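Enquirer: Spelled out from the first residue to the last, the chains are:
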Amino acid sequence: MVKQSKLGYMWKYKMLYFLSIPGLLYFLVFKYVPLFGSVIAFQDFNLFSGVFGSPWVGFKHFERMFSHYDFINILKNTLLLGMYDILFAFTAPIILALLLNEVRLMLYKKIIQTVMYAPHFLSWVIVSGIFVGILSPESGVLNVMIGWFGIDPIYFLGDESYIRTILVGSGLWRDVGWGTIIYLAALAGINPDLYEAAEIDGAGRWKQTLNITLPALLPVVTILFLLKIGDFMDYGFERVFVFQNPLNIQNSEILDTYIYKAGLRQLQFSYATAIGVFKSVVGLTLLMIANTLSKKATGESLY
Amino acid sequence: MTRFLTRAGVLLTTFAVLVACSGNNGGNEEANATKSPTATNNGNETADENKEPVKFSISMRTLNVAYVEKHPDINEDKYVKKLEEMTNADLDIRLIPHNEYQDKMVQMFATNDIPDVVQGSGGLSGAELAGAVANGVFLPLNDLLEEHGQDLLKFIPEEAWARMTDSITGNIYGIPEILSNPSRRATWIRTDLLEKVGKDIPTTVEETMEVLRAFKEIGVEQPFAGRQNFKYSDTFFGAYDVFGYLNQFKLFPDGQVKPSFFDTENMKKAIQVYKTMYDEGLISKEFATVESTDFRSNITSGKVGMWSMNANELPIWGAQLKSNVPEAEIALIPSPVGTDGKGGYAHYNPVTRSFYINAEAKDKAADIVKFFNWMVSEEAELFFSFGIEGEDYQVVNGEPKFEVPTDTEGTDKLRYLNYWLWMVQDTTYNKMVSSLSDSGLQMIDAFDNMLSKEGRRGIEFDPRLDALIQNPDLTPKSDEMPPLVLEKVLRIVYGKDSVDSFDDVLEEYLSKGGNDVIKEATERYNSKENAFE
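Taken in order, these protein sequences are the chains called C and D. For what it's worth, UniProt numbering labels the leading residue of the first sequence as 1, then goes sequentially. For what it's worth, UniProt numbering labels the leading residue of the second sequence as 1, then goes sequentially.
This is chain C alone, in the form it adopts within the complex (with noise of 0.2 Å):
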């Protein structure tokens, strides 16, 4: 009798389960199918035997991995740029989209939206082009302003100490109009009840901030906070390959680098598979220790 209902049940709402067939499929397809790729970690992967004729070779790939004189300074380029990039890039989307919130004049709020979207669209190789334009020592915009003040030129993508701030720097101005876009819409959500309320009870914009923009917006930070740091040792390769020079890479070395390097230009592909599992695996660590802290913390969670 149950079982009829809940059938019942399936048949009366048929349309969103047909609905919900393409999304279903799309994760199965490419997010679930490609999962048992990762087998390959740990084979001696060769590319005409396929999966299932390839040797297994247990954990020796990443045994290599973990041996390589480089990986210390890799996985700490990689944690460092994760921290940064959650510490900057996660941040700056807010307080903007907190200050866009606050522009009176909507032609001006909706200029300067458009104008901040734009970056997002280019590639990083654009990217890159129009930072090392802005940073050359010679003919760069950054450089002549400094020599305004009586300071040399500095050579910041040949320096080591510059490139975090670049690779975070370059990543901020090409994003940050972007990641407001999901915020404002939160914003854009809040009963505008609530700060009449509380202007009568003389609340000034500050406090009206504090006390009714800010915990609105909570839970969909929370959400945002825990699938970034699910990404958190992604921090992407192309974005760092574009800025990287020999006498940078001390600094700017990630693992999404190293994979491409040493896995796939050297056609080692169960060796880069073996490292994207690890960082697959500190991830979805990350992730879960964050979401049960979270859970306990706000009551706001993933799953």
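Hints in this document: simulated from the structure, not taken from any laboratory. One should not assume that every hint holds.
Stated by the list, open to error - Listed next, the in silico DSBU-like pairs over lysine-lysine satisfying Cα-Cα at most 35 Å (straight line):
| # | chain 1 | residue 1 | chain 2 | residue 2 |
| --- | --- | --- | --- | --- |
| 1 | D | Lys275 | C | Lys76 |
| 2 | D | Lys477 | C | Lys279 |
| 3 | C | Lys76 | C | Lys31 |
| 4 | D | Lys303 | D | Lys199 |
| 5 | C | Lys60 | D | Lys528 |
| 6 | C | Lys261 | D | Lys496 |
| 7 | D | Lys70 | C | Lys261 |
| 8 | D | Lys269 | D | Lys512 |
| 9 | C | Lys76 | D | Lys496 |
| 10 | D | Lys401 | D | Lys55 |
| 11 | D | Lys82 | C | Lys261 |
| 12 | D | Lys70 | D | Lys303 |
| 13 | D | Lys231 | C | Lys76 |
| 14 | C | Lys296 | C | Lys31 |
| 15 | D | Lys154 | D | Lys81 |
| 16 | C | Lys76 | D | Lys104 |
| 17 | C | Lys261 | D | Lys269 |
| 18 | C | Lys279 | D | Lys231 |
| 19 | C | Lys261 | D | Lys519 |
| 20 | D | Lys104 | C | Lys261 |
| 21 | C | Lys261 | C | Lys228 |
| 22 | C | Lys31 | D | Lys104 |
| 23 | C | Lys261 | D | Lys275 |
| 24 | C | Lys76 | D | Lys285 |
| 25 | D | Lys104 | C | Lys228 |
| 26 | D | Lys431 | D | Lys199 |
| 27 | C | Lys279 | D | Lys104 |
| 28 | C | Lys261 | D | Lys285 |
| 29 | D | Lys519 | C | Lys76 |
| 30 | D | Lys528 | D | Lys82 |
| 31 | D | Lys250 | C | Lys261 |
| 32 | D | Lys496 | D | Lys528 |
| 33 | D | Lys285 | D | Lys216 |
| 34 | D | Lys285 | D | Lys51 |
| 35 | C | Lys76 | D | Lys477 |
| 36 | C | Lys261 | D | Lys268 |
| 37 | D | Lys70 | D | Lys477 |
| 38 | D | Lys362 | D | Lys82 |
| 39 | C | Lys31 | C | Lys295 |
| 40 | D | Lys512 | C | Lys279 |
If you're wondering where the values come from, they're calculated on a predicted model, not measured in any experiment.
Fit chain D to the known structure of chain C by using the hints.
Expert: Chain D only, in chain C's frame:
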């Protein structure tokens, strides 16, 4: 109601676009499907005129050739059509983007979507082939060449065939395009500036530095053109013979085979030259981030006094520079020599491109070999040098009359015909076209009488040393030092480390896997196992 209408409108347009796109694809596929059955039955050996054209697919790297990359559909190009007509073939060219060559090739092998003919770039074990030769993907060509490729066997030198031969089985797997003069890069100088400062053409490193200093004095922005990773600016590493590239292993007096930068005395001299240039402003302060496009525009806009480039670019770069700086004059000069009285750049592989036949295309293989055999005929030379008779050139009194184009469109087309579509030839220079212009004759003269006598080459291993594959940091490229060494050299040039600290990086090289590299290199050299000199 209006909202409904706009929505419907948007939906309709989307559909229309989708249908139009898929319609196109479907159309092509259908056309292919109907053609293929007729094309495959060409087993009969008799070469009668009415024979169906042999239809085969071929993957080719675009090689940054503008004409190819801008073409909406290269298979519909009139020169491809003409080529098909002349060879009774029906090509299906699949372009591989120049910059993603290796990735796309590996993808092609991984998905088993392998065309009938695959273009590789060098030897049998190139990374782009992903080990396909060893895994039996391609057809051994020995018998086919004997039967249908006699002209190829005559035209292509033994040295190039050796690169296409598996040394264990003796099987030839590829048809190579060759470079008869491997000393392809040259030292270029602005002779008008040289005259202005009243100096002779420099021969030694010291004289060259004097010239560069004089250039600086008269206000040349970059006396010597530097570039990222010393690519096309390795002149002085060549003078001291310390490149250390893939084909620059050397037999040292201690009996070991090591990369040539282990000659620390000369290596330090070479690094010192670059450091001096950097300190004195003879090279751009930011040369470590100068890419190929900036490099080219710096030179062709007249900012540079001396540089290194492929010699066969002379007519094109020369024309471009002249259009920007009318008084500019350039010449190819002998590269500066170091302590051993020699100089020049790292020699190229004698094979520039190679063509492999898919084992599954066995039925068509004979015709495909004939197709390539035609490439070295006189008829082919005329077609690929000048183009189509009546359109690109006229025949007057039995002699072809051709005018060398000077505009971008014309030079792009010529480059495409001369170097891209002409698959098997000697790519050193195009004799027929170059003989027609002064700068071309100057280039031929430089190749035949100057460059052929210079350049550096050492021992090369193909397939690559296993120890190098395991250590990407120690792996040099064909024209770049290993990342580990390169990093140190740049640090020294930029004044972050002292010249003497170069010894440290060799220690580091050895401890990070370099000992294995040297051991394997020495063993393979001594046992003559796929080692080329």
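Enquirer: Could you run down the list of hints and mark each one as holding or not?
Expert: Quick rundown of the hints versus the structure:
| no. | hint | result |
| --- | --- | --- |
| 1 | Lys275(D) <-> Lys76(C) | holds, 32 Å |
| 2 | Lys477(D) <-> Lys279(C) | holds, 29 Å |
| 3 | Lys76(C) <-> Lys31(C) | holds, 28 Å |
| 4 | Lys303(D) <-> Lys199(D) | holds, 19 Å |
| 5 | Lys60(C) <-> Lys528(D) | holds, 31 Å |
| 6 | Lys261(C) <-> Lys496(D) | holds, 26 Å |
| 7 | Lys70(D) <-> Lys261(C) | holds, 30 Å |
| 8 | Lys269(D) <-> Lys512(D) | holds, 25 Å |
| 9 | Lys76(C) <-> Lys496(D) | holds, 23 Å |
| 10 | Lys401(D) <-> Lys55(D) | holds, 33 Å |
| 11 | Lys82(D) <-> Lys261(C) | violated, 42 Å |
| 12 | Lys70(D) <-> Lys303(D) | holds, 29 Å |
| 13 | Lys231(D) <-> Lys76(C) | holds, 30 Å |
| 14 | Lys296(C) <-> Lys31(C) | holds, 29 Å |
| 15 | Lys154(D) <-> Lys81(D) | holds, 28 Å |
| 16 | Lys76(C) <-> Lys104(D) | holds, 32 Å |
| 17 | Lys261(C) <-> Lys269(D) | holds, 31 Å |
| 18 | Lys279(C) <-> Lys231(D) | holds, 34 Å |
| 19 | Lys261(C) <-> Lys519(D) | holds, 24 Å |
| 20 | Lys104(D) <-> Lys261(C) | holds, 16 Å |
| 21 | Lys261(C) <-> Lys228(C) | holds, 26 Å |
| 22 | Lys31(C) <-> Lys104(D) | holds, 22 Å |
| 23 | Lys261(C) <-> Lys275(D) | holds, 29 Å |
| 24 | Lys76(C) <-> Lys285(D) | holds, 30 Å |
| 25 | Lys104(D) <-> Lys228(C) | holds, 31 Å |
| 26 | Lys431(D) <-> Lys199(D) | holds, 33 Å |
| 27 | Lys279(C) <-> Lys104(D) | holds, 25 Å |
| 28 | Lys261(C) <-> Lys285(D) | holds, 28 Å |
| 29 | Lys519(D) <-> Lys76(C) | holds, 33 Å |
| 30 | Lys528(D) <-> Lys82(D) | violated, 45 Å |
| 31 | Lys250(D) <-> Lys261(C) | holds, 26 Å |
| 32 | Lys496(D) <-> Lys528(D) | violated, 41 Å |
| 33 | Lys285(D) <-> Lys216(D) | holds, 14 Å |
| 34 | Lys285(D) <-> Lys51(D) | violated, 63 Å |
| 35 | Lys76(C) <-> Lys477(D) | holds, 28 Å |
| 36 | Lys261(C) <-> Lys268(D) | holds, 28 Å |
| 37 | Lys70(D) <-> Lys477(D) | holds, 29 Å |
| 38 | Lys362(D) <-> Lys82(D) | holds, 25 Å |
| 39 | Lys31(C) <-> Lys295(C) | holds, 26 Å |
| 40 | Lys512(D) <-> Lys279(C) | holds, 24 Å |
Checked against the numbered hints given earlier, this structure breaks hints 11, 30, 32, 34; the rest are met.
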